[in-house]
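A.B. asks: Chains as they are written, first to last, in this note's numbering: chain D, 12 to 214; chain R, 11 to 267.
It is possible that some hints are incorrect.
Below 27 Å or equal to it, Euclidean Cα-Cα: the simulated DSSO-like pairs (lysine-lysine) are [to be verified]: (1) D:K167 x R:K253; (2) D:K130 x R:K113; (3) D:K101 x R:K228; (4) D:K122 x R:K74; (5) R:K113 x D:K149; (6) D:K149 x R:K74; (7) R:K228 x D:K192; (8) D:K64 x D:K107; (9) R:K74 x D:K207.
Here are some chain D residues the structure puts well away from chain R; computed CB gaps all over 12 Å [to be verified]: (10) K41; (11) I43; (12) T50; (13) D54; (14) A71; (15) V73; (16) S76.
Hints in this document: simulated from the structure, not taken from any laboratory.
Where is the CB? At the ideal position from N, CA and C, for every residue including glycine.
What follows is the residue order along each chain.
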Amino acid sequence: MLKKLLAAACLGLMLSVPVLAQAGPDALVKRISSEVIDTAKTDPAIQAGNIDKVIALVDAKVMPSVNFEVMTRSAVGPQWRQASADQRGKLQAEFKTLLVRVYSGALTQIKDQTVEITKTQPVPQSTQVVVQSEVRGKGEPIKLDYRLDQYDGAWKIIDVNVGGIWLVTSYRSQFATELGKGGIDGLIGALVERNKAAASGKS
Amino acid sequence: MSPRRLPWRVLLAAAALAFASGCATVAPGSAPATAQAANPADPWENWNRKVFAFNEAIDEAVLKPVAQAYRDVVPQMVRTGVGNFFGNIGDVWSAANHFLQGKVGSGFEMGMRVLTNTLFGLGGVLDPATEMRLPRRSEDFGQTLGVWGLPAGPYIVLPLLGPSSVRDTAGLPLDRYATMSSHVVDAEAWSMSVLQIVNVRAELLATTQLLSDVSLDKYSFLRDGYLSRRRDQVYDGAPPLEKFEDEFADEPPKKGN
Numbered sequence: 012m013l014k015k016l017l018a019a020a021c022l023g024l025m026l027s028v029p030v031l032a033q034a035g036p037d038a039l040v041k042r043i044s045s046e047v048i049d050t051a052k053t054d055p056a057i058q059a060g061n062i063d064k065v066i067a068l069v070d071a072k073v074m075p076s077v078n079f080e081v082m083t084r085s086a087v088g089p090q091w092r093q094a095s096a097d098q099r100g101k102l103q104a105e106f107k108t109l110l111v112r113v114y115s116g117a118l119t120q121i122k123d124q125t126v127e128i129t130k131t132q133p134v135p136q137s138t139q140v141v142v143q144s145e146v147r148g149k150g151e152p153i154k155l156d157y158r159l160d161q162y163d164g165a166w167k168i169i170d171v172n173v174g175g176i177w178l179v180t181s182y183r184s185q186f187a188t189e190l191g192k193g194g195i196d197g198l199i200g201a202l203v204e205r206n207k208a209a210a211s212g213k214s
Numbered sequence: 011m012s013p014r015r016l017p018w019r020v021l022l023a024a025a026a027l028a029f030a031s032g033c034a035t036v037a038p039g040s041a042p043a044t045a046q047a048a049n050p051a052d053p054w055e056n057w058n059r060k061v062f063a064f065n066e067a068i069d070e071a072v073l074k075p076v077a078q079a080y081r082d083v084v085p086q087m088v089r090t091g092v093g094n095f096f097g098n099i100g101d102v103w104s105a106a107n108h109f110l111q112g113k114v115g116s117g118f119e120m121g122m123r124v125l126t127n128t129l130f131g132l133g134g135v136l137d138p139a140t141e142m143r144l145p146r147r148s149e150d151f152g153q154t155l156g157v158w159g160l161p162a163g164p165y166i167v168l169p170l171l172g173p174s175s176v177r178d179t180a181g182l183p184l185d186r187y188a189t190m191s192s193h194v195v196d197a198e199a200w201s202m203s204v205l206q207i208v209n210v211r212a213e214l215l216a217t218t219q220l221l222s223d224v225s226l227d228k229y230s231f232l233r234d235g236y237l238s239r240r241r242d243q244v245y246d247g248a249p250p251l252e253k254f255e256d257e258f259a260d261e262p263p264k265k266g267n
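Just chain D, same shape as in the assembly:
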């Protein structure tokens, strides 16, 4: 009897492992957002806007579920193909610093909010889905949507919509202006300068 039960438990465990590994996009978003919010709420350094703490949090909780190369590549556009490996690395690093600053600005505002997943929608003519959520707390609820796609069987975030604005999509036209003026190196230069100015203004 006990043996049977144990066997059943083992079987159940074996079945549940692959299910966990292929968690649906909405489950993934739910897990990440609640982990991030729980940490942000309880960590005084994050509440104070300590950017290094935010970077550590993003690296630990968010980045594993983000396809950052796709994000950067899409924001840069056709000129990505001509960029060298070194340039691509720099673009990704600077773009990440910029986005983390956006993210940390939002995180410092979090006090007693909760995140509710409202809807998951497939994007027509693609393998992408958009998971819609709402950050609820004091004041008007804030819309927070995630666009995900599957890469090698795993769901990864490729864009985030805050209050009706897709971030990566917004940066596409910002980048296009710089690329038109000074090419890939011009864009890298503009990003480095912006990040430096923001960092010195904060401290």
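We have chain D already, so just place chain R on it with the hints.
C.D. replies: Only chain R this time, still in chain D's reference frame:
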């Protein structure tokens, strides 16, 4: 001229000015002088950039310092109360717009929200309705016009008021009139307007700093953000989804499916 009428007259004049000047700058044959790629949603970019620079200068010189001082001097609790009070007046008009857009259910919810906060929240200074799961869902007349099918039209930067579109500018006078007329007595109209503007600006201090920190060109970042946010609002947070462009990989990206 009563002081109550003044703000909305000034507003109308400002809008008319922006519109007229905007029209003047798109005389046939005129091309944008800037190196920016022309955005079809922003045919009056040259003029808009000038108004934007003017607004930024005024903000930097007057409004932002006042808002910073206000934030540093007035306790958070009082600022929240001020925000709630004006928010409650705005909620009445939001409820009306929910109904005008045919959203009866959410219209009643907003009506309940106003009733709750007015009766149990000291005339709107407290916000017990949010705790009762009746959160604020703002709607303005520009959004209602959008729901009725009016396209946004060209982007406009209004003097002092900032980003707008032709449609949203058309909705503004009614918005202002509806949220000002019922609650504010003549003698206090100006001081109340000033308090409201300063309080809103104080709430936005962190946001505008962030905007400067993360944009490469603040003007176009704000414009693109404004236009897509308004579009999203007209669709009540669910605009038709567009495909995300990612055709720039060295080889076609590997996808599941």
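A.B. asks: Return the numbers of the hints above that this structure violates; sort them in rising order.
C.D. replies: none
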